[in-house]
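There are 2 protein chains.
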Amino acid sequence: MYYIGIDLGGTFIKAGLVDENGKIILKDSIPTGKERPYQEIVRDMAMLVKKIIKDAQIDEKDVKSIGIGSPGTPDDKEGILVYANNLPDFVNVPLRTEIQKYIDLPVILDNDANCAALAESIAGAAKDVKNSVTITLGTGVGSGVVIDGKLYSGFNYSAPEMGHMVIRIDGEQCTCGRKGCWEAYASASGLIEQTKRAAMENKDSLINLLVDGDLSKIDAKTAFDAAKQGDETGRKVVEQYIKYLAEGLTNVINIFAPEVVAIGGGVSKEGEYLLKPLRELVYKDVYFKGEPQTQIRVAQMGNDAGIIGAAMLGKINA
Amino acid sequence: MYYIGIDLGGTFIKAGLVDENGKIILKDSIPTGKERPYQEIVRDMAMLVKKIIKDAQIDEKDVKSIGIGSPGTPDDKEGILVYANNLPDFVNVPLRTEIQKYIDLPVILDNDANCAALAESIAGAAKDVKNSVTITLGTGVGSGVVIDGKLYSGFNYSAPEMGHMVIRIDGEQCTCGRKGCWEAYASASGLIEQTKRAAMENKDSLINLLVDGDLSKIDAKTAFDAAKQGDETGRKVVEQYIKYLAEGLTNVINIFAPEVVAIGGGVSKEGEYLLKPLRELVYKDVYFKGEPQTQIRVAQMGNDAGIIGAAMLGKINA
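Heads up: the protein sequence lines correspond to chains A and B, in order.
Mapping to this note's numbering: the first sequence position 283 is 283, numbers consecutive.
Mapping to this note's numbering: the second sequence position 217 is 217, numbers consecutive.
Among the clues, some could well be false.
Heads up, the list lumps identical chains together, so a pair's fine if it works in one copy or across two of them.
[Claimed, not checked] In silico DSS-like links for lysine-lysine, alpha-carbon gap of 30 Å or less: (1) K127 to K150; (2) K269 to K51; (3) K101 to K221; (4) K179 to K196.
Hint data in this document are derived by calculation from the structure and do not stem from the laboratory.
Quick caveat: nothing in here was measured; it's all calculated off a predicted structure.
Model the full structure from these sequences, guided by the hints.
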């Protein structure tokens, strides 16, 4: 049996045919054209699925379900995408019935952070355990929790928003309205902001040289690159960033005690350069000091996490 | 069928016979005598259970199991109480086999915060829902999570230590070694400390009068009592305390989205005087602003929570 997964993003619609082990058989993508009416976008999603099924030389009846991962607030119970960041016309869109106008298959919705967590759980960094948390460090801090192989979303599907856990009361302004959320410190956006501030305060830092003096070119790699080349300002930015990351991650481990925490998103590409000092801080601070201990790993699914996780929604909902 | 629940505390051993709805049929207690060897204390626990069974005029075979709630770190898998705060001789005690020397019944172990959560879930403030979190504001901040009627403890039984979630990086020193844990601000101990500081800084505050100038008499009620009588210092202490409580509680709701959060422990006796402003702060800040929303309620089981929750361990493990 196969599963279709769709990763509905603001720039691309990616979709793939996935087997029950979370392996992609065939994938394809098209531009989202996000300014268009939702009916057009959904029709393109359906046509992309039809093309993949045809290209794979299988039949619609060989596909168990279509899973759709999106940003924002999908409501799987009602089959509605309530709201999706970056997709202006997707407000209370009946995504399930719209897709089913073209393809008669079950349609399952969930958000992108949950899909990433499910992908890591079934085919990635946490595939050897039943309980895991995946933290995605991107524009925001996404989080997904898998307990006994199932996604945990709370009674109203709004959890787990670990990025919106305040770690510094009255701290940095967060996009959610609160002050001091983990996301404001530990997201790629937070790191970029911290790097910019440090570059402005330290004109002679290598950071300024790396971006030709144009601070708008600073990205989530810049401070790491400067630090690796021995720049003191870069080193301090990275050290402070890892401390922020560790404070929230220690909270997550104290709260969930998952067997594995997988760290994904762009920043996680720093690999052990990030994880080694991160583990030192976390294991020094974590409440339970005994064995066995939560393992902290780099997420493995990369850009395919969205497709695979969305597809696997059909497996765990079976 | 009946269940025995034992609440093993530093001062008293309380035990009760409980029916499957979480109602106490008969209860009794004896002093712990905590300085004694563990063998003596465990024998007293067993004798107390035998007495209760006899007094209730039932038979051991009418009892399904004995549940024991304790502070510290019980390991139910191994049947061992690894460590219990306030009980000096309880280090790696084989509690299950020790009890079974006297009574041939299954013995189940869990910690007191989990027992409180289970009691609220089965017979108390959250008995109408399947997903709830219970926060106990005492010496520390205890927490227990019930998901689909079962306690969630993480893969190594160390979760959920929500009291040890940092809400202010580099903040107040916590007993766990970290700085800025929720417990350091929102526990009764934290409130007492905040009240003392305010009384010292404001010699003319009613707080000083209420304790006859003896700050060691300040308890978790003092600031509330002063505030209710119009004292400005008392009002500020209470206002700030509720803000600390709200910051952590908002985190908890963002992370778990439980249907109900029950607030227990001594401070919760303030009832709506505490919960009304608390709800205002939480609902203003919570990430998911839609409906349905997590309800915040006062815990109902009071001093019996330990007995009932411990007994009900036998029901949910069935």
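To see whether the hints hold, each was checked on the structure:
{"no.": "1", "hint": "K127 to K150", "in the structure": "both (13 Å within a copy, 24 Å between copies)"}
{"no.": "2", "hint": "K269 to K51", "in the structure": "neither (32 Å within a copy, 63 Å between copies)"}
{"no.": "3", "hint": "K101 to K221", "in the structure": "neither (44 Å within a copy, 62 Å between copies)"}
{"no.": "4", "hint": "K179 to K196", "in the structure": "both (20 Å within a copy, 28 Å between copies)"}
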